[in-house]
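Going down the list, the protein sequences come from chains A and B.
Number 82 in numbering that gives the first Met the number 0 belongs to position 83 of the first sequence; there are no gaps in the numbering.
Number 543 in numbering that gives the first Met the number 0 belongs to position 544 of the second sequence; there are no gaps in the numbering.
Treat each hint with caution, since some may be false.
Same chains, same label: a pair holds when it works inside one copy or across any pair of copies.
Unchecked claim - Straight-line Cα separation of at most 30 angstroms, BS3-like style, residue types lysine-lysine; simulated pairs: (1) 457 - 330; (2) 478 - 179; (3) 224 - 318; (4) 224 - 330; (5) 330 - 177; (6) 46 - 224; (7) 318 - 179; (8) 177 - 540; (9) 318 - 511.
Note that these hints are calculated values from the structure, not bench results.
None of these values were measured; they are calculated from a predicted model.
Protein chains: 2
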Amino acid sequence: MPVYKAPVANTAFILQDVLRISDYADLPGFADVGEDTLVAILEEGAKLFENEWAPTNRDGDVQGCTRHADGRVTTPESFKAAYRAYCEGGWLGISVPEEFGGQNLPSTVNTVMQEFASSANLALAMYPGLTMGAVAALLVHGSQAQKETYLPKMIDGSWSGTMNLTEPHCGTDLGMIKTKAVPNGDGSYAITGTKIFISAGDHDLTENVVHLVLARIEGAPAGTKGISLFVVPKVLVNEDGSLGEKNPVSCGSLEHKMGIHGNATCVMNYDGAKGWLVGEENRGLAAMFVMMNEARLAVGVQGLAISEVAYQNAVAYAKDRLQGRALTGPKNPDGPADPIIVHPDVRRTLMTIRAINEAARALILYTALKSDVRHRSPDPAARQAADDFMGLLTPVVKGVFTDLGFDNAVKAQQMFGGHGYVEEWGMSQFVRDARITMIYEGANGIQAMDLVGRKLAKDGGRAVMSFFQEVGAFCEGAKADPEMAPYVGPLAEGLGRLQQATMWFMNNAMAKPDNAGAGATDYMHLFGLVAMGYMWGRMAKAALAKKDAPGMADTLVVGRFYMERLMPETAAQLARISAGADTTMALSADAF
Amino acid sequence: MPVYKAPVANTAFILQDVLRISDYADLPGFADVGEDTLVAILEEGAKLFENEWAPTNRDGDVQGCTRHADGRVTTPESFKAAYRAYCEGGWLGISVPEEFGGQNLPSTVNTVMQEFASSANLALAMYPGLTMGAVAALLVHGSQAQKETYLPKMIDGSWSGTMNLTEPHCGTDLGMIKTKAVPNGDGSYAITGTKIFISAGDHDLTENVVHLVLARIEGAPAGTKGISLFVVPKVLVNEDGSLGEKNPVSCGSLEHKMGIHGNATCVMNYDGAKGWLVGEENRGLAAMFVMMNEARLAVGVQGLAISEVAYQNAVAYAKDRLQGRALTGPKNPDGPADPIIVHPDVRRTLMTIRAINEAARALILYTALKSDVRHRSPDPAARQAADDFMGLLTPVVKGVFTDLGFDNAVKAQQMFGGHGYVEEWGMSQFVRDARITMIYEGANGIQAMDLVGRKLAKDGGRAVMSFFQEVGAFCEGAKADPEMAPYVGPLAEGLGRLQQATMWFMNNAMAKPDNAGAGATDYMHLFGLVAMGYMWGRMAKAALAKKDAPGMADTLVVGRFYMERLMPETAAQLARISAGADTTMALSADAF
Numbered sequence: 000m001p002v003y004k005a006p007v008a009n010t011a012f013i014l015q016d017v018l019r020i021s022d023y024a025d026l027p028g029f030a031d032v033g034e035d036t037l038v039a040i041l042e043e044g045a046k047l048f049e050n051e052w053a054p055t056n057r058d059g060d061v062q063g064c065t066r067h068a069d070g071r072v073t074t075p076e077s078f079k080a081a082y083r084a085y086c087e088g089g090w091l092g093i094s095v096p097e098e099f100g101g102q103n104l105p106s107t108v109n110t111v112m113q114e115f116a117s118s119a120n121l122a123l124a125m126y127p128g129l130t131m132g133a134v135a136a137l138l139v140h141g142s143q144a145q146k147e148t149y150l151p152k153m154i155d156g157s158w159s160g161t162m163n164l165t166e167p168h169c170g171t172d173l174g175m176i177k178t179k180a181v182p183n184g185d186g187s188y189a190i191t192g193t194k195i196f197i198s199a200g201d202h203d204l205t206e207n208v209v210h211l212v213l214a215r216i217e218g219a220p221a222g223t224k225g226i227s228l229f230v231v232p233k234v235l236v237n238e239d240g241s242l243g244e245k246n247p248v249s250c251g252s253l254e255h256k257m258g259i260h261g262n263a264t265c266v267m268n269y270d271g272a273k274g275w276l277v278g279e280e281n282r283g284l285a286a287m288f289v290m291m292n293e294a295r296l297a298v299g300v301q302g303l304a305i306s307e308v309a310y311q312n313a314v315a316y317a318k319d320r321l322q323g324r325a326l327t328g329p330k331n332p333d334g335p336a337d338p339i340i341v342h343p344d345v346r347r348t349l350m351t352i353r354a355i356n357e358a359a360r361a362l363i364l365y366t367a368l369k370s371d372v373r374h375r376s377p378d379p380a381a382r383q384a385a386d387d388f389m390g391l392l393t394p395v396v397k398g399v400f401t402d403l404g405f406d407n408a409v410k411a412q413q414m415f416g417g418h419g420y421v422e423e424w425g426m427s428q429f430v431r432d433a434r435i436t437m438i439y440e441g442a443n444g445i446q447a448m449d450l451v452g453r454k455l456a457k458d459g460g461r462a463v464m465s466f467f468q469e470v471g472a473f474c475e476g477a478k479a480d481p482e483m484a485p486y487v488g489p490l491a492e493g494l495g496r497l498q499q500a501t502m503w504f505m506n507n508a509m510a511k512p513d514n515a516g517a518g519a520t521d522y523m524h525l526f527g528l529v530a531m532g533y534m535w536g537r538m539a540k541a542a543l544a545k546k547d548a549p550g551m552a553d554t555l556v557v558g559r560f561y562m563e564r565l566m567p568e569t570a571a572q573l574a575r576i577s578a579g580a581d582t583t584m585a586l587s588a589d590a591f
Numbered sequence: 000m001p002v003y004k005a006p007v008a009n010t011a012f013i014l015q016d017v018l019r020i021s022d023y024a025d026l027p028g029f030a031d032v033g034e035d036t037l038v039a040i041l042e043e044g045a046k047l048f049e050n051e052w053a054p055t056n057r058d059g060d061v062q063g064c065t066r067h068a069d070g071r072v073t074t075p076e077s078f079k080a081a082y083r084a085y086c087e088g089g090w091l092g093i094s095v096p097e098e099f100g101g102q103n104l105p106s107t108v109n110t111v112m113q114e115f116a117s118s119a120n121l122a123l124a125m126y127p128g129l130t131m132g133a134v135a136a137l138l139v140h141g142s143q144a145q146k147e148t149y150l151p152k153m154i155d156g157s158w159s160g161t162m163n164l165t166e167p168h169c170g171t172d173l174g175m176i177k178t179k180a181v182p183n184g185d186g187s188y189a190i191t192g193t194k195i196f197i198s199a200g201d202h203d204l205t206e207n208v209v210h211l212v213l214a215r216i217e218g219a220p221a222g223t224k225g226i227s228l229f230v231v232p233k234v235l236v237n238e239d240g241s242l243g244e245k246n247p248v249s250c251g252s253l254e255h256k257m258g259i260h261g262n263a264t265c266v267m268n269y270d271g272a273k274g275w276l277v278g279e280e281n282r283g284l285a286a287m288f289v290m291m292n293e294a295r296l297a298v299g300v301q302g303l304a305i306s307e308v309a310y311q312n313a314v315a316y317a318k319d320r321l322q323g324r325a326l327t328g329p330k331n332p333d334g335p336a337d338p339i340i341v342h343p344d345v346r347r348t349l350m351t352i353r354a355i356n357e358a359a360r361a362l363i364l365y366t367a368l369k370s371d372v373r374h375r376s377p378d379p380a381a382r383q384a385a386d387d388f389m390g391l392l393t394p395v396v397k398g399v400f401t402d403l404g405f406d407n408a409v410k411a412q413q414m415f416g417g418h419g420y421v422e423e424w425g426m427s428q429f430v431r432d433a434r435i436t437m438i439y440e441g442a443n444g445i446q447a448m449d450l451v452g453r454k455l456a457k458d459g460g461r462a463v464m465s466f467f468q469e470v471g472a473f474c475e476g477a478k479a480d481p482e483m484a485p486y487v488g489p490l491a492e493g494l495g496r497l498q499q500a501t502m503w504f505m506n507n508a509m510a511k512p513d514n515a516g517a518g519a520t521d522y523m524h525l526f527g528l529v530a531m532g533y534m535w536g537r538m539a540k541a542a543l544a545k546k547d548a549p550g551m552a553d554t555l556v557v558g559r560f561y562m563e564r565l566m567p568e569t570a571a572q573l574a575r576i577s578a579g580a581d582t583t584m585a586l587s588a589d590a591f
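Looking at chain A on its own, in the form it has when it is part of the complex (with noise of 0.2 angstroms):
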């Protein structure tokens, strides 16, 4: 049975110490996280994600989820304490505003419970995940009747959420969208469509399911221009608020799938089912852009969340498995072995994954951190600068956390040899779970493009070389303190191969946009491996200042690992980047 324990001290220190949170005091909502406060909510979290989420995570992997011939959709059995659990303790409204029943926290502090409910159970933590997302895009485009309908519902856990946006014959292509609307004369639409993939599209945990759904109403434009945005009620809801008459929305099939087994991905059939239009008729994708960065976020920190739990289970067995001997001698003479974390390569491997967890923590919280200021801050210039490190910061931190959390999610694996690849040891799990991360809401590639080919040049570059300016500053500002050497050194230099890589594409990618998509994948991950170098910068310079706390000494030797054996890796991408697109596109199709 896998172990999990909530990383709440590298959690605190990283919000108190590194990302000083307390200087966001003047921020509504975040007078209730102070010192002592925010670590009770973070224990309180963990208690519940720890005790009662993670013994039930191989249940929905074993289990999954059932189809019956009447259509019904009923998820693993011990889910549903688990999701009752989580609405009882008030967590799906923790950050939303405190007329429909949510406690107005910090959304950061809601990304820290995605984390952890994530690497407890990311099945199960799918379904209130989905919820969140589509009361977001309610908060934002729905009527004050829609959101007095179904926010309060959704935000104590009785009614669930989805987003139906994917279609057979497209995904990233949303233009080709054929689910259409008709207008019911009434001011409700008829919607008829297949969307798949449809992520908690029907289930047992709630008494209704409420779709957002994109489709085209009838004489709309060709192409993205001609999209819509409709709320579609699994049941509909009669004036008082009661459940009325199923509406003809039903789970058409489940996908067999690689892993997430506990999450239900349904085909969904829109039967000229009743839906309401949300927002601007042919603003729908507009609609749902608008709640994109949180989304995309919210994967990144599951990519995170899959690292950490497959990271303590590696570190678990390594300590236990006793097998051969120490290259500097028996380490433990007395045993038939030695365990194996003592071996190099063992520990090279968890000081891998430990450097990239630890980073990717800092900026998803640094992140989720701007993401707060951007919705609540009083000052428009703190807004735009917010918006513009999210904008920037988004395809970042879904699309490298999510290759590297199943990277990591791999080398966890290979540390326990022919065990791991037992499915009773649950670390197979992990890797196939953390595979549908760097596909979903935006497959990486994708991701890639967004930060190459919209983020960088958008506003004229102000959001990217801001970026830089912030990163340089801290350079600077740090060099002249020699034991914050080791890190300043490696950063700058990172930083210097990230600017030279875009200026490359400044001079290249104008007149050849294929120079920008052929390196584009390298340059995010470029980006990342700097980005996280800064957060190490900082977490250094944070441990230095308060040297002699517990666990400080070891932060200090893993942001030097992180120096010393990640950041190389940004002269290769550099190279591959520089090297163009010519070879890369000289073959025809058919040469394939």
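Chain B: place on chain A using the hints.
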């Protein structure tokens, strides 16, 4: 349903034009694989694996193997006919001596067939693969009587073979083996103990299973010096060669694995089973290790095999799936969107996999030729040089091509977006199946330690010096040709980095062996990139020599891509290796 087409043309190019198999015509068996015959054999094999094997691959995954209440183990239904067709074609014995029913063709040809077979159905290919391993061990170490009893039936496929090494408490560290052997007084031994992870341990494809089992004879010295090898048939063989009574060895349970569901991975219980010593008492590990190079080479082949079939399916999907428009304007203006192969990030992915696959195939076949020379050459100096090369390159082939094979399967799966995550498309199976190759036959961290800790220093570094000299001489000989410049420059640079890394170990790992351990995996991959680069150098040279032949211009492009996009990684690897072990080993075990 996934597609598979055996890469006959590329294989023939490598064997005939690049490696010049005709130069080996003097070796026994090689006269039978002249130009036309070779291609005829490859095509004959291709037909079998494409038509009879590939269609059974998904059955294996979905049905898996079953252990029945009476202990019998059954394989997926469609495996029977596929296995029979293979045996009837005589493929099992193509490279074993005619004396026992084989055809004595070069083992290089067998290596090609292992690739085709593993691409078509890895789980099925493992059954005859394990038989071949057991046959190899009996050929070298078995008594004449043992050979006569077992080999003809194993080579015609009516009996299969296994390797029984691992026990619950020991995999890598075989010195801890507990299975015991007690002399029966009649020349046989009673074998008692539990072995785990026994591939093809029991099944219904053959009427008998011949187990090779490592065990400790009562009173033998502790550790690796007290381990002997035994042959233990599932059903005892009568004097006249007919099958007698059942031996008390049975499958206690099947493992539930991440992949290769079609192969029965058994817990084997030996309960005083009758066995006979193979080779000398207490020399069992040495007997096993004799065939280790070939077995590890075969696993490297599996890595390539999955990478190849995953690539072919990704290509087919990328040409078919319409999504988005080319950055340079529509390529399919009459369709609703362009096929995704127009996108540079998709191209980059496909080119990366292909550049690795073709070089891996060349290096594998070059190593296989060395294996033939080692076994078949009359010239002791040639045998020794071939043995040096094979010993050095085996951990590289196994470790690097299985790591890359898995990565490539993941990359190919990514091309499919959400469809790649759905089992019906078959891409998930490739990923799950490929995962085991990084673990079995020595986990890849062990391969890296074998390379760095044993192979480098062996015989005063004779093998590695000779490899450096060969690659250096190739660069020297080709550098005057301007058409070779795009290949030779980066190759020479990569070789320089490999030499620097080797020197770094010489200077830093003698006094402090952890420095070798902490850099071992990077070194193995650095070695792999340079060795593949050397193959690309040779492939480019061969392609230039027949420039106008079909496909040669493409080969030259793929080789350039390798140099531009893969070779730069060597810089990062050298940096990581030179960072040494200090930071990696700095934390105490409880700090994890």
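Hints, one by one, checked against the model:
1. Taking the shortest alpha-carbon separations for residue 457 and residue 330, only the inter-copy value of 27 angstroms comes in at or below 30 angstroms, while the best intra-copy value is 56 angstroms.
2. Neither within a single protomer nor between protomers do residue 478 and residue 179 lie at most 30 angstroms apart by alpha-carbon distance, with minima of 60 angstroms and 64 angstroms respectively.
3. Proximity of residue 224 and residue 318 under a CA criterion of 30 angstroms is satisfied inter-copy only: 27 angstroms between copies versus 57 angstroms inside one chain copy.
4. With identical chains, the CA atoms of residue 224 and residue 330 are at most 30 angstroms apart between copies only, with a shortest distance of 22 angstroms across copies and 67 angstroms within one.
5. Taking the shortest Cα distances, residue 330 and residue 177 sit within 30 angstroms of each other only across copies (22 angstroms), while inside one copy they are farther apart (65 angstroms).
6. Proximity of residue 46 to residue 224 under the C-alpha cut-off of 30 angstroms is found in neither arrangement, the shortest distances being 47 angstroms within a copy and 50 angstroms between copies.
7. With identical chains, the CA atoms of residue 318 and residue 179 are at most 30 angstroms apart between copies only, with a shortest distance of 28 angstroms across copies and 58 angstroms within one.
8. With identical chains, the CA atoms of residue 177 and residue 540 are never at most 30 angstroms apart, being 53 angstroms at best within one copy and 52 angstroms at best between copies.
9. In the homo-oligomer, the alpha carbons of residue 318 and residue 511 lie at most 30 angstroms apart only across protomers (23 angstroms), although the nearest pairing inside one protomer, at 53 angstroms, exceeds that limit.
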